[in-house]
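Engineer: According to the numbering used here, the sequence shown is numbered sequentially starting from 1.
Please keep in mind that the hints were generated in silico from the structure rather than gathered at the bench.
Since no wrong hints were added, every one of them can be taken at face value.
Cβ pair distances, simulated, as ranges:
1) GLY79 - HIS54: 40 to 46 angstroms
2) ALA59 - SER31: 19 to 25 angstroms
3) ILE143 - ARG47: 28 to 34 angstroms
4) ALA13 - ILE109: 24 to 30 angstroms
5) PRO48 - ALA81: 37 to 43 angstroms
6) ASN92 - PRO45: 21 to 27 angstroms
7) GLY60 - HIS132: 16 to 22 angstroms
8) GLY60 - GLU34: 21 to 27 angstroms
9) ALA26 - LEU93: 22 to 28 angstroms
10) HIS54 - ALA5: 38 to 44 angstroms
11) ALA81 - THR2: 20 to 26 angstroms
12) PRO80 - GLY55: 40 to 46 angstroms
With a Cα cut of at most 20 angstroms, we get these calculated SDA-like pairs of lysine to any residue:
13) LYS110 - THR2
14) LYS90 - ILE141
15) LYS110 - THR86
16) LYS110 - ALA5
17) LYS90 - HIS132
18) LYS110 - THR135
19) LYS110 - GLU83
20) LYS90 - GLN119
21) LYS90 - GLY60
22) LYS90 - LYS110
23) LYS90 - VAL117
24) LYS110 - THR139
25) LYS110 - LEU35
26) LYS90 - SER63
27) LYS110 - GLY36
28) LYS110 - PRO144
29) LYS110 - GLU6
30) LYS90 - THR135
31) LYS90 - GLU103
32) LYS110 - ILE141
33) LYS110 - MET137
34) LYS110 - PHE89
35) LYS110 - ILE143
36) LYS110 - LEU91
37) LYS90 - ARG107
38) LYS110 - GLY79
39) LYS90 - GLY136
40) LYS90 - ILE109
No residue lacks a Cβ here, since even glycine has one placed at the ideal position from N, Cα and C.
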Amino acid sequence: MTIGAELDGAIAARVRDSFARQGLMAHLGVSIAELGAGRVTLRMPFRPELTQQHGYFHAGGTSAIADSAGGYAGLTMFGPADEVLTVEFKLNLINPAQGDCLEATGRVIKPGRTLTVCQLDVWGVTGATRRHVATGMQTLIRIPGTGTEGA
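Generate the whole structure from the sequences, applying the supplied hints.
Structural biologist: Right, dumping it as structure tokens:
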């Protein structure tokens with residue numbers, strides 16, 4: 001599958017079903033904004049409960065949506081029964097995370113049979129204004145044949 005291509009409907013449904021089972025994403029109010037082969041964008045709306053002491057989005061929420069965006073980007077490249085886990089990720093917080101929402105995009109840089117590498121970027125969004133608030137890298141491991149397709 002080519003990175004950036006339109007997703008097959010079955011793959012998109014599988015990603016959406018998996019995402020719906022993520023308790024933390026539901027708790028944070030996160031939704032899927034975009035899905036493509038090797039590319040996923042998640043959106044987290046601002047709520048005071050998601051901030052730190054200065055009123056910015058907390059780095060915990062910022063990193064959680066970056067990690068999930070990358071994980072789902074990787075999952076779009078795997079087989080129908082495969083699952084994904086994060087092996088490691090690093091996120092640089094480059095500007096205060098503020099705005100009406102945060103958008104995290106995970107993009108597969110190097111797909112692999114076992115390990116997949118993703119670029120992570122998080123943007124603070126207010127209206128048409130976007131400010132880059134975090135960037136990082138992630139390594140995922142494909143877990144073969146353990147998927148919950150049809151569950």
